[in-house]
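Peer 1: Chain by chain, the residues run as shown.
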Amino acid sequence: MRLVIVAGPPSAGKTAVVRQTIRSLQDRHRIAYLKIDVVRAFEDEELAAEFGIPARSICSGDLCPDHAGVMVMRDAIAWAEEESADLLLVESAGLCLRCSPYTTQGLGVVVLSAVSGTNTPLKMAPMLALADIAVVTRIDLVSQAEKEVFREQIREVNPDLDIVETNAVQGTGMRYLLRAIEDYPPITDPEAITLRGVPPLGVCTVCIGKTEIGWQHHFGVVRRMEGADYLFRGD
Amino acid sequence: MVSSSIREVTILPGRSRSGEPERFEAITIRPGDTISIVGPTGSGKSALINDIEVFARGDTATGRTVLVNGAYPPEEFVRDPAHKPVALITQNTRCLADLSVAEFLSMHVRSRRIADDEIALRTIALANEFTGEPILPDARMTALSGGQTRSLLVADAVMIAAAPIILLDEVENAGIFKERVIEVLRDAGKAVVFVTHDPLVSLLSARRIVMRDGAVDRIIEPDGREIAALREARRLDDILRRMREEIRAGNLITESIGV
Numbered sequence: 055m056r057l058v059i060v061a062g063p064p065s066a067g068k069t070a071v072v073r074q075t076i077r078s079l080q081d082r083h084r085i086a087y088l089k090i091d092v093v094r095a096f097e098d099e100e101l102a103a104e105f106g107i108p109a110r111s112i113c114s115g116d117l118c119p120d121h122a123g124v125m126v127m128r129d130a131i132a133w134a135e136e137e138s139a140d141l142l143l144v145e146s147a148g149l150c151l152r153c154s155p156y157t158t159q160g161l162g163v164v165v166l167s168a169v170s171g172t173n174t175p176l177k178m179a180p181m182l183a184l185a186d187i188a189v190v191t192r193i194d195l196v197s198q199a200e201k202e203v204f205r206e207q208i209r210e211v212n213p214d215l216d217i218v219e220t221n222a223v224q225g226t227g228m229r230y231l232l233r234a235i236e237d238y239p240p241i242t243d244p245e246a247i248t249l250r251g252v253p254p255l256g257v258c259t260v261c262i263g264k265t266e267i268g269w270q271h272h273f274g275v276v277r278r279m280e281g282a283d284y285l286f287r288g289d
Numbered sequence: 004m005v006s007s008s009i010r011e012v013t014i015l016p017g018r019s020r021s022g023e024p025e026r027f028e029a030i031t032i033r034p035g036d037t038i039s040i041v042g043p044t045g046s047g048k049s050a051l052i053n054d055i056e057v058f059a060r061g062d063t064a065t066g067r068t069v070l071v072n073g074a075y076p077p078e079e080f081v082r083d084p085a086h087k088p089v090a091l092i093t094q095n096t097r098c099l100a101d102l103s104v105a106e107f108l109s110m111h112v113r114s115r116r117i118a119d120d121e122i123a124l125r126t127i128a129l130a131n132e133f134t135g136e137p138i139l140p141d142a143r144m145t146a147l148s149g150g151q152t153r154s155l156l157v158a159d160a161v162m163i164a165a166a167p168i169i170l171l172d173e174v175e176n177a178g179i180f181k182e183r184v185i186e187v188l189r190d191a192g193k194a195v196v197f198v199t200h201d202p203l204v205s206l207l208s209a210r211r212i213v214m215r216d217g218a219v220d221r222i223i224e225p226d227g228r229e230i231a232a233l234r235e236a237r238r239l240d241d242i243l244r245r246m247r248e249e250i251r252a253g254n255l256i257t258e259s260i261g262v
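Chains A and B are the protein sequences, given in the same order. Residues in the first sequence are numbered consecutively from 55, following the numbering used here. Residues in the second sequence are numbered consecutively from 4, following the numbering used here.
Just chain B, same shape as in the assembly (with noise of 0.2 Å):
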């Protein structure tokens, strides 16, 4: 199998916005792992993933390098999806093809030469453990919310993409269910990249990636040091949620809702 060829991705730096030279030496991704990038708007959050997602060989406008197993990736890797061990969930919380939920799916695991009939519904059954409106097989594509788009795309990058590494886009812009999803995602062994506002999203990974001006300004890991704030963020999130399911079900809030 493909994935379990992959050992590391490793990120050579480029440069900065300003042409600087970027002041890490190797950033290493290995199955399992747990990263966020977090930054500004505009500090280069995004870029760095789609270096990753193109395997850059200096020939982004930021001009890292991104090796596989210690190399440059073969050919296929990159080229051909079935082989192409990362898949990228975009901000873009629609998608664009005007096909049915299931006809879409169906697509994608001929595409793959998957000979498992079940697999697109074991599919939705999986998008619809991250997202409250649950998502019929028999609906268009170009009519799903934000949030299940993302949530079906993310069930899809884990299913029949099947890829190790998995890069998210601000998962968390489409209200979705980001804890249940970083441990589907932790317990099939995948390593996961997220660009991220949250905190949440943030202290739950295991490495934080800063960016400004284009560049890698820090790498920090946490190393349990964290625990406390990620207790709070934990408890400021499920009040959060639950306000807001209580807005959207059209109640009065009047009491305190925090535990």
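Chain A extracted, bound-state conformation (with noise of 0.2 Å):
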């Protein structure tokens, strides 16, 4: 089974980037997806009604979004194998800028809106350092010279970063973005994943740097994925 982590910050297009993707590959593989929240999720009903495929999402309540998803992941590899799955997504809350989901064994895929300001790449440092590739919506919005200077704030934060422009609401320019997923090496060991990046500091094991997945291996603040309502709420 292959293993794509979709980030970004809110309203960049992820949702419509994975709906491009699950369309343009739902002949050849069979695609489970998992979003990841914090509040409330729609995408897993929208996705399981407009494809029938299998679909979850998680909402972290008062924990970190992105922590929740490295708690949760491993769950998650499971239940798609489970659902005989080849391809599983897994698309971030994009809450906040500083994190970077992405693990190894998997693609890490950011989405950044062209029209969301010329400093924003630089913002979102962490999010497009450790991505293998940059996916730019909303590119019908932009003229050539504008695509060009937010390319070059991307290429400033990582030189290698491979770029796929799109309209994804139309899906002009996916191409590159499905080649990519088809051609990353599906996952050899689910024991052996970790995260690329340390997260940022905070109050849990996962905080603190232990980055294997599943809450196996952490201690703290610990729930399964099967019954875990909000992954965590505060006293």
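Quick caveat, the hints were computed from the structure, so don't treat them as lab data. A quick note: this is a predicted structure, and the numbers were derived from the prediction, not measured. Fair warning: there could be bad hints in the mix.
[What the hints assert, rightly or not] Result set (EDC-like, lysine to aspartate or glutamate): computed pairs, CA atoms no more than 20 Å apart in a straight line:
#1 A:K264 / A:D243
#2 A:K177 / A:E206
#3 A:K177 / B:E106
#4 A:K177 / B:D101
#5 B:K181 / B:E106
#6 A:K177 / A:D214
[Said to hold, decoys possible] Quick list of simulated restraints, FRET-style, between CB atoms:
#7 A:R233 / B:R18: 23 to 29 Å
#8 B:R18 / A:A183: 37 to 43 Å
#9 A:R233 / B:E249: 56 to 62 Å
#10 B:I117 / A:E137: 34 to 40 Å
#11 B:R18 / A:E104: 20 to 26 Å
#12 A:S65 / B:R238: 22 to 28 Å
#13 B:E132 / A:P64: 25 to 31 Å
#14 A:A183 / B:P140: 29 to 35 Å
#15 A:G263 / B:P24: 54 to 60 Å
We put the beta carbon where it would ideally sit given N, CA and C, even for glycine.
The task is to assemble the complex, starting from two chains supplied on their own in separate frames and drawing on the hints.
Peer 2: Spelled out as structure tokens, the structure:
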């Protein structure tokens, strides 16, 4: 099974990118989808209804959603495998620009909106620095010079980042992302998956730098994917 | 140079919104061509230039394919702006870059690895030929008017992006000197494709693509048969331009302004 982690700030077009990916790849792959959000999520129900794929969501409540993602990722991989999926798409909440939820053995996709401002790539540097591919959405709204200036800002953070420019609603330009997904090696050992970087300082074992995925490796605020409701509620 | 390696861009047919195959064989665009795309709102004009811009390969909503020199373009033509032979100036007349005009252009110059200190200023000078409201290097991009933004982005496409094919989406909306724009683009040997509702822009183009229901409906080559109409459109455009200036200046127009 292949793993793709899609991150990016709120309203960047993450779900539109996921939707086009599913639309284009559903004939060749069995796809499962997990949305990680904070308070409410609707994307899983929408995508399940639209494409008939196994889809779930998890709401982190008072916990950092990217930490929640780390906690449930192993469960999610097991769930997707039980569903006989060969491609698991995980979409982040996109709450915090500091987080970088990409793991080893999975393609890291960051979604940015071309109309989000020149300095946005610099502000979300950690999210760009450890990704494999940047998808720039709403490209139909900007002219050539603006595209190139935005691109230059992305390159300043991560010169090696593969950049795909797309109008995700229409699906233009998506072919290079689809190729990157299909070319990425499948998971070889779920036990060995770790975060690519260390998340920001906080109060749980993920916060303090333990990068193993799965609640089994953590202590403190530990919840399983099943029956988690909100992953954590402050007192 | 990249631009000299582009002999032609070919659009191959796709489908209309109702799924009917388009009835043209191929539309070929060569350097120096002027083409206007016309048709009612929602008829698929912008979708057509977007297909050209992304070099569609049957992977857009229209199902069209766009070839360069008769073949699928190499990937860097599509993905690397420095090699991309097409520059699109969108309908959007707001630039969101939070930079001054000089900073914005310098950043573009830097991304293109162009070693020419004066090119940003020459770009601003060219842009100022397209607009009546002078653009200053220190102005914020976000504070430019629609006409200024459009003028600057067209000038950039000529000078810095130096694309051999320029796509202009409703250039007339922004209130820029459209005949001057067309003249400069033609003199520079660019192929220009306009999406337009403007009679003058349409009549100034050598070819007219008529859109309907998301598909190319007809391709018209007037071949000199519209000279009288062009003369009339020029005269009317001139009258309207002068009236506009009078009204902007706060004057009362009590006499005929026509020629």
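Peer 1: Are the hints correct? Go through all of them and say.
Peer 2: Hints, verified against the model:
1. A:K264 / A:D243: holds, 18 Å
2. A:K177 / A:E206: Roughly 14 Å separates the two Cα atoms, so the pair holds.
3. A:K177 / B:E106: holds, 19 Å
4. A:K177 / B:D101: holds, 14 Å
5. B:K181 / B:E106: Violated: K181 (chain B) and E106 (chain B) sit about 26 Å apart, past 20 Å.
6. A:K177 / A:D214: Status holds; Cα separation ~18 Å.
7. A:R233 / B:R18: 23 to 29 Å: With a Cβ separation near 24 Å, R233 (chain A) and R18 (chain B) satisfy 23 to 29 Å, so the hint holds.
8. B:R18 / A:A183: 37 to 43 Å: Distance hint for R18 (chain B), A183 (chain A) holds at roughly 42 Å.
9. A:R233 / B:E249: 56 to 62 Å: Because 57 Å falls inside the window, the suggested range holds.
10. B:I117 / A:E137: 34 to 40 Å: violated, 52 Å
11. B:R18 / A:E104: 20 to 26 Å: Distance hint for R18 (chain B), E104 (chain A) holds at roughly 22 Å.
12. A:S65 / B:R238: 22 to 28 Å: Given a distance of about 48 Å, which is not inside 22 to 28 Å, the answer is violated.
13. B:E132 / A:P64: 25 to 31 Å: violated, 42 Å
14. A:A183 / B:P140: 29 to 35 Å: holds, 33 Å
15. A:G263 / B:P24: 54 to 60 Å: With a Cβ separation near 59 Å, G263 (chain A) and P24 (chain B) satisfy 54 to 60 Å, so the hint holds.
The earlier numbered hints that this structure contradicts are 5, 10, 12, 13.
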